[in-house]
Amino acid sequence: MEPSTGRSTEQSFEGSMRRSPSLVARAATAITLLYSAFGVMSILLALTPAVRAVAEQVDFERNAWVYVLGWPSFGYGTLLLLLARSLRKRKRAAWRVLAAVVTLNTLGAVALVLTYRNAQAWAVLAVFVLLLAVVLYAQPAFTVLGDPKNLRAAVRVLAVLLGVCLLLGSTLVTVLDASHAGYLQHLAYTFTAALTSVELFEPGPLTLQLPHWVGVLLNTIGTLALLGAGWALFGPRRDQRAHTAADDAALRRLLATAGPQDSLGYFALRPDKSLVFSASGKAAIAYRTIGDVCLASGDPLGHSSAWPEVIEAWRMLLREHGWIPAVLGASERGAQAYATAGLDALELGDEAVVDTTTFSLEGRAVRSLRQAVNRVARTGMSVRLRRQGDVAPAELVRLAELAEHWRAGEVERGFSMALGRVGEPGDDDLLIAECLDAQGRSCALLTFVPWGRDGLSLDLMRRDRDVELNGLTEFAVTSVLTHAPELGVQRVSLNFAVFRTAFDRGGRLGAGPVLRLWRRVLTFGSRWWQLESLYRANVKYQPQWTPRFLCFASARDVPKIGIAAARAEGFLPSKLPG
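Be aware that the sequence shown starts at 442, since it is given in our numbering, and climbs by one per residue.
These aren't lab readings, by the way, just hints derived from the structure by calculation. Warning: the hint list may mix true and false statements.
Derived DEER-like restraints, expressed as beta-carbon distance ranges [unchecked claim]: (1) Thr-798 x Arg-529: 51 to 57 Å; (2) Asn-559 x Leu-617: 38 to 44 Å; (3) Thr-698 x Ala-835: 28 to 34 Å; (4) Arg-529 x Gly-623: 44 to 50 Å; (5) Ala-849 x Thr-781: 41 to 47 Å.
Capping the alpha-carbon separation at 27 Å, the derived lysine-lysine pairs in DSSO-like fashion look like this [to be verified]: (6) Lys-530 x Lys-1001; (7) Lys-530 x Lys-590; (8) Lys-981 x Lys-590.
Note that the coordinates shown come from a computational prediction; the quantities given were computed from them, not determined experimentally. Backbone N, C-alpha and C define an ideal beta-carbon position, used for all residues, glycine too.
Generate the whole structure from the sequences, applying the supplied hints.
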């Protein structure tokens, strides 16, 4: 297998910045700020008729400078702001658009010189020539690759919306124009109203006798066309790395040979996760992109000595694509490795880990769990424990069909701590816990993925909804914990409890007002997302709580990262705009 290292990207990045990196970066920042100002000025000119009226009534010399600052159009101004946003993210597509715009402006300035041949025209030309020189000089700073699909999407959006605008507009203008101008004039008016300015009054160089709302409608559609095309063009680059069979094979080797592993390591085998490997192949990071957020899952995999190398390869991949870095569910050890590479960490919650060598159903602390287990046992229920490799293929098909049937179309939750499958080739060490009633009928199904050589991580939890019996899950989990010595298992990782400390401490005597308020907010959210119930489901096993962290580069990215994580975990629809 050829591991994905990002090293060639690093070389090209460093090579492109040999031209005074600090000056190139400053030039890129300067044009970003300048075009942000141009966008704001264009919007102000469009939305403030009095300001534009003054500009249009003065002589050429002042008028020319107004149009250097910004063309009066809400759509154009907002498009410039989108452009500036993408320039700030150092996207090559944005630089190419900017270079094209400045080149056209320069050619327009040349036309001014040829028409007026005065000092002001020459000054305007000098400004655009200087600006074009700065844009060309700053080119090496724009290293974020574009996506060819974005250009095609932008062309489609622009063509469809402008086509609708021109067809609808020309029809409306022809029907409603009281001046009875020709069709070409109507078409020219429609095009001008759509693209020239927001024109909250009569738009364009042509004066037709039309209702006020026609110009507003046409300009609204035209503005949407510009914004839609700009949004599509400057969208994030989609991940080109598919999860392949070779990736699976390399990852399984790391999981088998690299010593102590993270309890989330096996979940990196999910097919919706891509992988980046270190140059040595001794470490890997599993990730998924949601919009422009690159969400890594848990700790780096493989030998810890190669973690810095693979984290840098991942960071180079981020710089190449312009993605926002985020790590969901890192352990304290993994969070420290990411922090060394420049990321911040925020405690996200805790993972419940049960030490099977000390677990017992005796004692007051586990009284509610013991009662639930005994209640289920009295119905004649039993649990059959098998490794997937020991199950016949036909039986695996039956179990997979049951699991899918019991899911009943509900959203499959989980990303960092879920595999969500039964019967997949290669998962021979996966443990299947099947609950059977007194007649031998399957009533519930739990699966546990391997965690190193002596551990398990809880994965799938499904049950027959027609069986009205509480405690089936507790019965199955307890069976796994009590039979752990026979399975060679010393530790079992259960569900991850988000914001556990808020639920645990927020209701205690002496909790501060902020913590109590935060607990109320989380309790309210638990009506839809089962935040508190996951904590309550785990605490009855008296586990050890292991903190898990969210790692990020900038605090301003946390809201976007939160939405991306919620989408990845299934708490929000996955088809939200990226």
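Now for the hints, and whether the structure bears them out:
Checked against the hint of 51 to 57 Å, the pair Thr-798 and Arg-529 passes, with Cβ atoms roughly 54 Å apart. In this structure, Asn-559 and Leu-617 meet the distance hint of 38 to 44 Å, their C-beta atoms being roughly 42 Å apart. Range check, Thr-698 to Ala-835: Cβ separation about 33 Å, and the 28 to 34 Å hint holds. Under the hint 44 to 50 Å, the C-beta atoms of Arg-529 and Gly-623, about 46 Å apart, fit the expected range.
The hinted range of 41 to 47 Å is satisfied by Ala-849 and Thr-781, whose Cβ atoms lie roughly 45 Å apart. For the hint pairing Lys-530 with Lys-1001, the CA-to-CA distance comes to about 15 Å; that is within 27 Å, so the pair holds. A hinted pair counts as satisfied when its Cα atoms are at most 27 Å apart, and Lys-530 with Lys-590 qualifies at roughly 19 Å. Among the hinted pairs, Lys-981 with Lys-590 is inconsistent with the structure: their alpha-carbon atoms are about 51 Å apart, more than 27 Å.
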